[in-house]
Amino acid sequence: MEHGSLKDQRASTFSLTDEDHTLANSVRFTLNQDPRVTFCGYSIPHPSDARVNIRVQTTGDPASEVLKDSLQDLMGMCQHVRSIFDKAVIEFRMSRLALLAVVGSYVQQSVYPETGPLEN
Amino acid sequence: MHRVSALDMPDVPMGQLPPHLELQRTRVLCASDAPTHTENIQYSGAYASMGVDNSLQLDQFCKNCRVEVIRLTEDDMEFDMIGIDPSLANAFRRILIAEVPTMAIEKVLIANNMSVVQDEVLAHRLGLIPIKVDPRLFEYMSENDTPNEKNTIVFKLHVQCKRGAPRLTVKSDELKWLPNGSELLLATENPASNSSSRPKTYTSFSCSQDSLPEFSNNLIGPKHPDIIIAKLGPGQEIELEAHAVKGMGKTHAKWSPVSTAWYRMLPEIVLLEEVEDEMAEELVKKCPVNVFDIEDVAKGKKRAAVARPRACTLCRECIRGEDWDKRVALRRVKDHFIFTIESTGGLPPEVLFTEAVKILEDKCERVITELS
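Note that the protein sequences, when read in sequence, are chains A and B. Using my numbering, read the first sequence as starting at 1 and increasing by one per residue. Using my numbering, read the second sequence as starting at 1 and increasing by one per residue.
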């Protein structure tokens, strides 16, 4: 829900239902980093209602466009975090498997000194 | 002498922050009374007068952001996220605790409870037992839905302590999964006309849950078999049926998938001056987690060095006492987060984190569609 003036599209307040600090703080961070934004902030009118008011004031672009761009940026950041996290988990598991293989071959060498790594 | 703008003077670095400002921007200084420079300088034009662009570019973020996994077991994991902002890290932590869904027992149909534990206390305890099942295979159940095999898991508990036997402890492994649904019959209005082959029960399962491919190999049950539910004396009996549904930690903590999830910023300890001989020994002894080590330099002199800054708990013992805060500087790196996630069992921790990130993306998506 957008509360703004029809004449001045640059500044408006967006009231989101069913949201709390989780989304609002992250969006405020991405909005702040956008060079087109002169002022941004969020407030929670009452802690018992799940409602957040996000205020955006820009240098010239319509505020809803800037907010949409920031949300797209936030989605892009999340997707990137997810992909590097998955890669890091796979890398960690590979490195542990490799370590276990090396340790296993050392153990086999010490217990059965005549055999090689693949003979059983 | 022609006029030169102050900004063009040779010792004002343009395009790069001077070292003291860079320190303020990227480190929290932990003094003995309170930490300073804790706020994050997010405004895109914050350093515009120095010609430094503080704005976010997605490709810059993608280049700087890194994840390293330190420890990963079946139930908990510890990993580092570098280059991310505290608001995002906090958003992930909040979603992990409150908005990733799980299955937990919600409705308990009690046929007989002769134990000293009251009905509602017993039901509360049953709700808190973690269930080892993937909640993504189930759907949410609202008030008007009928319980069926896609949104409910049914457990049965029937324990009796015989007369003359010693006291019995009812543990969570007594909860048996009923893949065919509820066995308790609904009271029907006209028993005379009820000639159908299957009597109506509290759930309407159209097919047995263990015929579904996901459950054919893994039985559904509580994650830990040794959780004490109640204690029975001789002659006492408990007979009940428990229905588990999908929910979020926001509604009730029993649906939280993590026992907890937390993050801390990486501590950084810098020795501002050389700490030698007895001062070095004293410093090494002061630290309760052995962050410092002695290294021997030439001519038999000993010097203190920082060996394990990651283990530092910021107890500030090393800067207590006279003049120690001039020798040791305690700092935290503002964009390096050490995350720890401890799962209660439904989903492994790396899957939990991925789900949390997906949920944040879905929230953004929802707001974007609302705006357009």
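Hints listed in this document are in silico derivations from the structure and should not be mistaken for laboratory results. Just so you know, these numbers come straight off a predicted model, no measurement behind them. Some hints could be false.
[As the list claims (entries may be wrong)] Label pairs and their in silico Cβ distance ranges: (1) A/D61 - B/S216: 32 to 38 Å; (2) A/P47 - B/S32: 32 to 38 Å; (3) A/Q72 - B/P86: 20 to 26 Å.
[As the list claims (entries may be wrong)] From chain A, some residues computed to sit far from chain B (all C-beta separations above 12 Å): (4) R10; (5) T22; (6) N25; (7) P35; (8) Q108; (9) Y112.
Idealized CB from N, CA, C, for every residue including glycine.
A quick look at each hint next to the structure:
Between A/D61 and B/S216 the Cβ separation comes to about 56 Å, which falls outside the hinted range of 32 to 38 Å. Taking the beta carbon of each, A/P47 and B/S32 are about 34 Å apart, inside 32 to 38 Å as hinted. In this structure the hint that A/Q72 and B/P86 lie 20 to 26 Å apart at CB holds, the actual value being about 21 Å. For A/R10, the non-interface assignment is confirmed: its Cβ lies about 16 Å from the closest Cβ of chain B, beyond the 12 Å cut-off.
Its closest Cβ contact with chain B, about 5 Å, brings A/T22 to no more than 12 Å, contrary to its assignment away from the interface. A cut-off of 12 Å between C-beta atoms contradicts the statement that A/N25 is not in contact with chain B; the least separation is 4 Å. For A/P35, the non-interface assignment is contradicted: its Cβ lies about 5 Å from the closest Cβ of chain B, within the 12 Å cut-off. For A/Q108, the non-interface assignment is confirmed: its Cβ lies about 26 Å from the closest Cβ of chain B, beyond the 12 Å cut-off.
Chain B leaves A/Y112 outside its interface by the beta-carbon criterion, the shortest separation being 31 Å against a cut-off of 12 Å.
Violated hints, listed in ascending order, are 1, 5, 6 and 7; each of the other numbered hints is respected by the structure.
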